[in-house]
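These protein sequence lines map, in sequence, to chains A and B.
Numbering of the first sequence is given in the working numbering, commencing with residue 1 and proceeding in unit increments.
Numbering of the second sequence is given in the working numbering, commencing with residue 1001 and proceeding in unit increments.
These are calculated hints, taken from the structure and not from any lab test.
Among the hints, a few may not be true.
[What the hints assert, rightly or not] Only some residues are given here: those of chain B computed to face chain A with a beta carbon under 7 Å: (1) Cys1040; (2) Pro1044; (3) Asp1057; (4) Gln1069; (5) Tyr1070; (6) Lys1101; (7) Gly1105.
Virtual Cβ for every residue (Gly too), placed ideally from N, Cα, C.
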Amino acid sequence: NAGVMQNPRHLVRRRGQEARLRCSPMKGHSHVYWYRQLPEEGLKFMVYLQKENIIDESGMPKERFSAEFPKEGPSILRIQQVVRGDSAAYFCASSDMFGGDETQYFGPGTRLLVL
Amino acid sequence: RKEVEQDPGPFNVPEGATVAFNCTYSNSASQSFFWYRQDCRKEPKLLMSVYSSGNEDGRFTAQLNRASQYISLLIRDSKLSDSATYLCVVNLPRLNTGFQKLVFGTGTRLLVSP
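Construct all of the structure, not just a fragment, from the sequences and the given hints.
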């Protein structure tokens, strides 16, 4: 049973380019969460999605950031016009709330470096 | 005040030692509590949930004090492989969606030496 998968694992972008981060949840999980971890800081919640719905995006910056979880395919976190401050590790987690198990399982992360 | 506060450490201990980490949280509405472990440049992994009655898993014991809004993790007989950052995690119910947002502390770093 494959765990949460994220790709790419490392991504280098120049300022102004777009970054697309992908997350495939664990098999059978329909809830996806994105977190950002800046160097020497804790993980910060960004957005929570279910299939085709954004449930909570209270941690998402209002501009340049967007997320989706389509009916088919992985969840995508998109950062437009990246700036140096976007350099961070972006972790995706998934959960299966059926049966009451809300445990979030994390993927290996995507490390974004903006030059 | 931070939502979840931890001593960043590092805690340097010899193998076999007992070490305790503490964590405080600010939101009394929090209902679920966890300790996660994060190795360098890796993803967080759930170590254990924390229950009001306290719970133990092998060498690890977690305690919760709701009145003081305080969580602890005790590691007995430390192993070299316990070296990692330990993240205190608290859920924050969001009334409009029912979604319980996880709030992470910045972590306490543990270094176990031979």
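These are the hints, each one checked on the structure:
1. Proximity of B:Cys1040 to chain A is violated relative to the hint, the smallest CB-CB distance being about 11 Å (cut-off 7 Å).
2. At about 5 Å, the closest approach between the beta carbon of B:Pro1044 and any beta carbon in chain A falls short of 7 Å, and the interface hint on this residue holds.
3. Look at B:Asp1057: its Cβ only gets to about 15 Å from chain A, farther than 7 Å, so that hint breaks.
4. For B:Gln1069, the suggested interface contact is broken, since its CB lies about 18 Å from the closest CB of chain A, more than 7 Å.
5. At about 18 Å, the closest approach between the beta carbon of B:Tyr1070 and any beta carbon in chain A exceeds 7 Å, and the interface hint on this residue is violated.
6. Hint on B:Lys1101 holds. Least Cβ distance to chain A is approximately 5 Å, under the 7 Å limit.
7. The interface hint given for B:Gly1105 holds, since its Cβ lies 6 Å from the closest Cβ of chain A, which is under the 7 Å cut-off.
Hint compliance for this structure: hints 1, 3, 4, 5 are broken, all remaining hints hold.
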